[in-house]
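Peer 1: Given next are the chains, with one letter for each unit.
2 protein chains.
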Amino acid sequence: MKTFGISLLAAAFFLGSGMLLAQAPQDKYELKEPNGISFAEIRGYETWQAVAPSMRTDKNEIRIILGNDTLVNAYKDGVPENNRPFPDGSILVKIGYSQRKSAEFPAAIEPDVFQRVEFMVKDAKRFKGTNGWGYARFVYDVKTKTFSPYGKDAAFDQECNACHTVVKSRDFVFTRYSQR
Amino acid sequence: MKTFGISLLAAAFFLGSGMLLAQAPQDKYELKEPNGISFAEIRGYETWQAVAPSMRTDKNEIRIILGNDTLVNAYKDGVPENNRPFPDGSILVKIGYSQRKSAEFPAAIEPDVFQRVEFMVKDAKRFKGTNGWGYARFVYDVKTKTFSPYGKDAAFDQECNACHTVVKSRDFVFTRYSQR
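Quick mapping for you: the protein sequence lines, in order, are chains G and U. First residue of the first sequence: 0, per numbering that gives the first Met the number 0; consecutive thereafter. First residue of the second sequence: 0, per numbering that gives the first Met the number 0; consecutive thereafter.
Mixed in with the good hints, there may be bad ones.
Chain copies aren't distinguished; within one or between two, either way the pair holds.
Unchecked claim - Straight-line C-alpha distance at most 27 Å; calculated BS3-like pairs for lysine-lysine:
1) Lys93 / Lys127
2) Lys93 / Lys75
3) Lys100 / Lys144
4) Lys127 / Lys167
5) Lys151 / Lys167
6) Lys100 / Lys58
7) Lys58 / Lys93
8) Lys142 / Lys75
9) Lys127 / Lys31
10) Lys27 / Lys75
11) Lys31 / Lys142
12) Lys167 / Lys100
Keep in mind that the hints were calculated from the coordinates and are not lab data.
Here chain G stands alone, though its shape is the one from the complex (with noise of 0.2 Å):
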């Protein structure tokens, strides 16, 4: 009976240890980018309401752009053509893919890799720094599947503001909800 409990001690430690050497899956919400914004702030976006589709002609890139129920609900109440800022707390997610020819109908293209998780998220007191906006990117790696974050340092974000300011007009959000 004592041989037994020892042989299942160590038949629990020995699997312990295995758990522990198989590497657990990253927690992509525990990671920020160095403006402080945490990817947890867009928990749960995988199933949020879609916004519109859109690519980009000077990259390999297609992508799908997310909103959250502020966001989508400021949309259908006219913002930002009706000259109305969007209200703090509204979220608009793009996530970024390389593009390829879909294989089984060559003149469809599809997403090929996943590539990043992008958001601006709307605090006009947080983000006074940058108009309002507060602005995060997460690169995902294919190989590893893991997320990092894409600043380097605290002011990364001003790459982002000074591209948004084009659109200053539509409350700095280039995206239009696409209506369906």
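Position chain U relative to chain G; hints supplied.
Peer 2: Relative to the frame of chain G, chain U by itself:
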């Protein structure tokens, strides 16, 4: 008192006529394809989960593809790569737009004019004649803000079925669920 009553009746009559003359917005969910599939079979699709973006190089077209929970859950369970079929009730909705360069950021392509909503709904028994999937397409006219069924006769869906037979090994579904 009597005059007032008649005036009120007359006013109500004119108001009623006016409302009849000013066209009521279309109830798209009353529409049916000639194969019997109703637009109402996807009631509420506007907020369904995004499955993937796509575009066509042979047409001026960018799309967003949505799915109901049955479909998305099947994808997450590994369908169709696991060689199991999508369960009855799975619905995939494709929303098509002409495309344009973003006015503010010309390297980006975005949806321009909303063109149509099309969908495929799985019911192995009901749609035996088209490999278990029912196909429907409702074409949107941006001038009249109305949809109309695409099919000219009940056999129109054989066109859909013929094309989707290319992906018979994927239970007739071209679209992959985009990682995010």
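Peer 1: All the hints need checking, so say for each whether the structure fits it.
Peer 2: Structure-based check of each hint:
1. In the homo-oligomer, the alpha carbons of Lys93 and Lys127 lie at most 27 Å apart inside one protomer (22 Å), although the nearest pairing across protomers, at 39 Å, exceeds that limit.
2. Proximity of Lys93 to Lys75 under the C-alpha cut-off of 27 Å is found in both arrangements, the shortest distances being 19 Å within a copy and 21 Å between copies.
3. In this homomeric assembly, Lys100 and Lys144 come within 27 Å of each other (Cα to Cα) only inside a single copy, at 23 Å, whereas the closest approach across copies is 33 Å.
4. In this homomeric assembly, Lys127 and Lys167 come within 27 Å of each other (Cα to Cα) only inside a single copy, at 14 Å, whereas the closest approach across copies is 54 Å.
5. For a Cα distance limit of 27 Å, the shortest separation of Lys151 from Lys167 inside one copy, 26 Å, qualifies, whereas the shortest one across copies, 47 Å, does not.
6. For the homomeric pair Lys100 and Lys58, the shortest alpha-carbon distances inside one copy (15 Å) and between copies (14 Å) are both at most 27 Å.
7. Taking the closest pair of Cα atoms, Lys58 and Lys93 come within 27 Å of each other both inside a single copy (15 Å) and across two copies (24 Å).
8. Proximity of Lys142 and Lys75 under a CA criterion of 27 Å is satisfied inter-copy only: 20 Å between copies versus 39 Å inside one chain copy.
9. Only within a single protomer do Lys127 and Lys31 lie at most 27 Å apart by alpha-carbon distance; the minimum there is 19 Å, versus 51 Å between protomers.
10. For the homomeric pair Lys27 and Lys75, the shortest alpha-carbon distance between copies (19 Å) is at most 27 Å, but the shortest distance inside one copy (31 Å) is not.
11. In this assembly of identical chains, Lys31 and Lys142 lie within 27 Å of each other by CA distance solely inside one copy; the values are 21 Å within and 47 Å between copies.
12. Only between protomers do Lys167 and Lys100 lie at most 27 Å apart by alpha-carbon distance; the minimum there is 19 Å, versus 35 Å within a single protomer.
When held up to the earlier numbered hints, the structure conflicts with none and fits them all.
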